[in-house]
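Take the two lone chains and join them into the complex the hints point to.
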Amino acid sequence: MNLAHRQLPGADKRVQLMATCLCDAFYADVARATVEVLEHLGCQVEFPEGQTCCGQPAFNGGDWPASRRVVRHTVKTFAGDLPVIVPSGSCAAMMFHGALLEFEKEPDLPEVQQLAHRTWELADFIVNALGVKTWPGKFDATIALHRACHTRGTKTCDSAVALLTSIPGIKLVTVGEVEQCCGFGGTFSVSFPNVSASMGELKLEHIRAAKPDLLVSPDMSCMMHLGGLAEKEGHPIKIQHVAQVLRDALKNAGLL
Amino acid sequence: MATQLIDQFAKNLAADTQAAVYDGSKKGHEKRTKLLFDTYADPNRLRELAGEIKQHVIENLDTFLPAVEAKLQSNGVKVHWASSAEDACAAVLGIMQARGDKKIVKSKTMVSEEIELEHYLDKHGIETLETDLGEFIVQIDHDHPSHIVKPIIHKNRREIAKSFEREGLGAYNDDPETITRRARQFLRHKYLAADVALTGANFVSVESGRMVIVTNEGNSRFCLAGTKCHIALIGIEKLVPHDRDLGLLLNLLGRSATAQQLTVYTEFISGPKSAGQPDGPEEMHVVFVDNGRTDVLASECKEILRCIRCGACLNVCPVYRQASGHAYRSVYPGPVGAVLSPLLAGKKFPELADLPKASSLCGACNEVCPVNIPIPDLLLRLREKGKREGAKLAAAGTPPMGAWSLLASQPAAWKTALFGGKIINYLPTKWLPIPPLRAWEAKRTLPEWKGGEFRSWFRNRKVGAVAPNRPDRKPESKEGR
Ligand code: SF4
Chain A
9 MNLAHRQLPG
19 ADKRVQLMAT
29 CLCDAFYADV
39 ARATVEVLEH
49 LGCQVEFPEG
59 QTCCGQPAFN
69 GGDWPASRRV
79 VRHTVKTFAG
89 DLPVIVPSGS
99 CAAMMFHGAL
109 LEFEKEPDLP
119 EVQQLAHRTW
129 ELADFIVNAL
139 GVKTWPGKFD
149 ATIALHRACH
159 TRGTKTCDSA
169 VALLTSIPGI
179 KLVTVGEVEQ
189 CCGFGGTFSV
199 SFPNVSASMG
209 ELKLEHIRAA
219 KPDLLVSPDM
229 SCMMHLGGLA
239 EKEGHPIKIQ
249 HVAQVLRDAL
259 KNAGLL
Chain B
128 MATQLIDQFA
138 KNLAADTQAA
148 VYDGSKKGHE
158 KRTKLLFDTY
168 ADPNRLRELA
178 GEIKQHVIEN
188 LDTFLPAVEA
198 KLQSNGVKVH
208 WASSAEDACA
218 AVLGIMQARG
228 DKKIVKSKTM
238 VSEEIELEHY
248 LDKHGIETLE
258 TDLGEFIVQI
268 DHDHPSHIVK
278 PIIHKNRREI
288 AKSFEREGLG
298 AYNDDPETIT
308 RRARQFLRHK
318 YLAADVALTG
328 ANFVSVESGR
338 MVIVTNEGNS
348 RFCLAGTKCH
358 IALIGIEKLV
368 PHDRDLGLLL
378 NLLGRSATAQ
388 QLTVYTEFIS
398 GPKSAGQPDG
408 PEEMHVVFVD
418 NGRTDVLASE
428 CKEILRCIRC
438 GACLNVCPVY
448 RQASGHAYRS
458 VYPGPVGAVL
468 SPLLAGKKFP
478 ELADLPKASS
488 LCGACNEVCP
498 VNIPIPDLLL
508 RLREKGKREG
518 AKLAAAGTPP
528 MGAWSLLASQ
538 PAAWKTALFG
548 GKIINYLPTK
558 WLPIPPLRAW
568 EAKRTLPEWK
578 GGEFRSWFRN
588 RKVGAVAPNR
598 PDRKPESKEG
608 R
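Those protein sequences? They're chains A and B, same order as listed. Here the numbering used here runs 8 ahead of the position in the first sequence, where the first position is 1. Here the numbering used here runs 127 ahead of the position in the second sequence, where the first position is 1.
Treat the hints with care, as some may be off.
Within a straight-line C-alpha distance of at most 20 Å, the following computed PhoX-like cross-link-like pairs (lysine-lysine) qualify [as the list claims (entries may be wrong)]:
id, chain 1, residue 1, chain 2, residue 2
1, A, Lys21, A, Lys141
2, B, Lys198, B, Lys400
3, B, Lys317, B, Lys230
4, B, Lys205, B, Lys355
5, A, Lys259, A, Lys246
6, B, Lys475, A, Lys246
7, B, Lys400, B, Lys355
8, A, Lys179, A, Lys246
9, A, Lys179, A, Lys146
10, B, Lys400, B, Lys429
11, A, Lys259, A, Lys141
12, B, Lys542, A, Lys84
13, A, Lys246, B, Lys577
14, A, Lys259, B, Lys589
15, B, Lys198, B, Lys229
16, B, Lys429, A, Lys113
17, B, Lys317, A, Lys240
18, A, Lys146, A, Lys259
Hint data in this document are derived by calculation from the structure and do not stem from the laboratory.
So that you can see chain B by itself, here it is in the shape it has in the complex (with noise of 0.2 Å):
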């Protein structure tokens, strides 16, 4: 029978790259619970508020965006619209063009992965350099990001190092410091010949227009500091109402993607340069990007749109920690990812369809989810409309429902199935939770058949026997049943 391709790739991925990417995961995950626990009497009512918070932001789009764009407008920032990945390129791409500019210092977003963007900008001359270190490693290696918050968790420090000595960064050395500091000499110079910087944002707020940019390296200050004009691409759920919400989400937002009670540079920023200002860029845009974000709210399954990237999904999952987050053949992998691109896939949907099949529904990234999205709920409806419109990724490995559930709703069928189970040939695991028995035995063995002993002994027993305890009912109630 067919295997899941998630599973292929599993089995195929090499030791070390498995490795790095197990232990990545599964420290991040213990460090993230450890500080949270410690933190916090109850970090779950923390998580609820949280995701009640964004579910008011998704739930109120049509309303707060006008109003978070009146506010950036009037804070001195050009608004832009991009409902595509392709009109959000052509955004970026008109602003640098307008200006004849012609090269981009950008730190890290995942919206610029999704829209391809550093691709589109090479075709139109536009250079751009990836300051954040993992970004950096992944694009001097022509590689993708595998976790959305540490790009090159599936990397360990030998191969980084070779990367290095290859671009002409220095002697072979995987001393992790002189690889950072290696990287931070290059790039400085960088900073100061770049026109334009480009960044995404962890949050706006409605109330202020102020755009929340975290990162642990201090490079998107950098990158602002350098040059004339940011841009900044921004997924429409970013929002939050008020500035005081931000208190929760970015000490939920530290924890729970590095296991720090703040990320490291939280920077605020509600405007370009006033006079006043020694430096920072005198010319502000943002792009506000769809991309498939209102085919998701109108969705069974919009809960996503509160996810604030934070990875702790990622961390804890185990079938990401085997699997690694290029199984997922797409820009967010692990447990959110199952979700949003098979959704954001739009008409590509069934390319993706096998993702929400990744999953034992365990319910381990409902469990750490800062914002408590129903990961599990979602990954179950979008299997059903997998199911649905017959996508073919989704079905590897599923036996066919329609005989088994027959027989579940027709109890004189299933109890002969359950009596006659006995002879081995006749198994009739059709029926059972477990699919094709070869499948399962491969791994594993079968317990031995007892079909319909329970229901014979209950029938047959003598309840006081059982039940001493129990003088209202004489064992001859039993009969005749």
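Bound-form chain A, shown alone (with noise of 0.2 Å):
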């Protein structure tokens, strides 16, 4: 799909959160810091109730008819013409492309491309919906970014990069081979558990090298492969998600 004509926000502001299954399971606090950064922002956030997770495990998977039964579910969901923020690259890439993949042939298309037109992943939308390309208030850390794959081909990346480059008190580290993948991919992990560890082990290694205070994502699904597998190592290592970073420079300057 083509990213750059994508529903852009009313004067009210109003969008629509796809928080994510394992915001909604493991990191409750990305999507309330996602919240909180979409407020100040002046954005009015509604939280469709019925939401559930985005259909990837099975698309994935091959079973495509399981997957759309999901997709069916969540076009409902989030029926209207709100932007809908996703603090995930790979679940918004669902939503803008893999959806897209799978309904090729189906009669209800129309209305998955709907919903891809309104998606975007968080820092996509606030700097290329909302026009903000700085970020006010204080992050003492340096930073090493990790480039979630899934955000390849779109603004992800660059976005995040100029929000929290902008921030004074960050300074972001370069990592190493930022193309290889960090070994996650979803059932990948534990089909292939052997070539996913040692993924993530490189990693890991660059990671490490680059000696930062905090690993920063737009993805806590890499995340939760990458900080799993420290942990178990017993070198754990701090990881947040990029919004939990844009909440937390504003209430350490006391803008929040």
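Listed below in structure tokens is the structure:
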């Protein structure tokens, strides 16, 4: 899909939040930070209670009928014409890319396209829909940004870099082999346990070599894998979502 | 829970083989990227353009193929059509037998691997000698290529030196230059003794009938200079509409394959030796090979036929780097192979149906592909095919999604699972994008369960408290949600 022509928010800046099942289950504070950041920007955030998951596990697993069932539910849940904001590059890409692939020959493709057209990853939305290019506040940390793979070809990482580097106190370090995947890949992480773990180890090596205080990502799924690997090894790393850094920067400066 | 075959292969791979593959592919990728971005302001635009050209070719094969046949014929080239591997092998044998020829010198062609030509010819008393250094080493070791550009990426020079010693090519010496020199010395005489030169082709121009062959060792030139007959085995997708398209494609091929601005020897072949030419083959044959390609064209994955076999997707692929090419059990490994091999397998698709699973869908392959093939999308389509057709190899390690999808389309049940998950024994991991817990926890810890916490916060919070700049919205507006 051409990401250049997506639904912009109206004057009232009403948006819908797709929290993602990972935040729903494990990373409650990421979803909360997303709301706080959006509201700080004057958005009215709605949370459709019926939301579940984007349908990606079955889509990636090849079970497209099962995935389409979930996507149809998601389309119904997020009915309307508001922008839908997702604090996950991967779930956002599922809505504006993956779902379109599996609905190619389905009669309700237009409805899926309508949602695709409204779906934004959070950092991309802040910078390219709201036009906010710098971020106020204070955040003293050396940060490594993990470029979650499903943000390839989108503006998410450039947006996150722009916002993070504009925050007073943040130093962004470069990590080696950024194009290499962390090895999560959904079910890949357990059907390819050895390759997945080796990929994760390599990624951790590169991250540690850059000596950040904090690893930041626009997607928690990679973080669940990398964080889990590091912790299992007995050398946990500190991890935050981009939204949490933006929110905490505001808090640190008394702006929230 | 069962793990995938390619993962098991990676686990059991010898450490030095793994290191050789990893280092070779990583370096290949890094050099490629540097050169591409040093030369061009926007390489991605070039990749897209090249992709459009090749897509145009495969969409119009029905008119391009007869057109190129006519052109080749008017250039004095005999054209043969082979719909299967057997047909292709038989065509080569037929040409040899008609001429009474016995010996082939061969430059690198993946199609010959695909149709298992050497084995076939051997049975019919015809000797084939590989002249590409890598392929030569594969041949003397009775091994298989593990990379489409660097066939011996999995070997280190000590192994190669041992093979040379065993074959009587001199005392043990693992200096690369010595190895190369010895191979050349051995091959020189063979070129002169051979009857037929067998090559592939990287491109054939429909406009002129020119075949383009690129090598870095010049071995295809030696093959053609020393023999009277040239047979080119060419996949039907190798066409380009015009000679001018070669400017773009050769620039991208050299950079993507071997990080060179141009491959060292780029030959343009317009037909057999003309009256005034001092040397070159007097007879020239092109065998156009289908062998499943028209089925690929009719499939939902036809974009893979754009491939110009540069190997960049192998080099960047984290799975290929860990598992090596042999893990893919087919002639074409890595991301391109994970799409192409199961498709070319035709009825034997189930035997390779696990290949499309060998990816975290990270998209690096698409990002480097000089013809911009959407490899992850094609992998997903083949996963869907594998699932639909009940291919067992594809299923290993993927939990069933039926129950999950029911739960994820019923919000009430979903919420119950979410809030109930705090009791660890009832952790509803099935609906998460991570499959069974134990498999996950073998390698990683799980974060603390916070199911429902965000929803409770969102419902109960006072809006004013977190959004002081929002006078238009009163806290009580949240009530009843
Ligand atoms: S799929 Fe693309 S990157 Fe891979 S070998 Fe073919 S042309 Fe090269």
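Hint numbers the structure violates, sorted upward? Violated: hints 6, 10, 15, 17.
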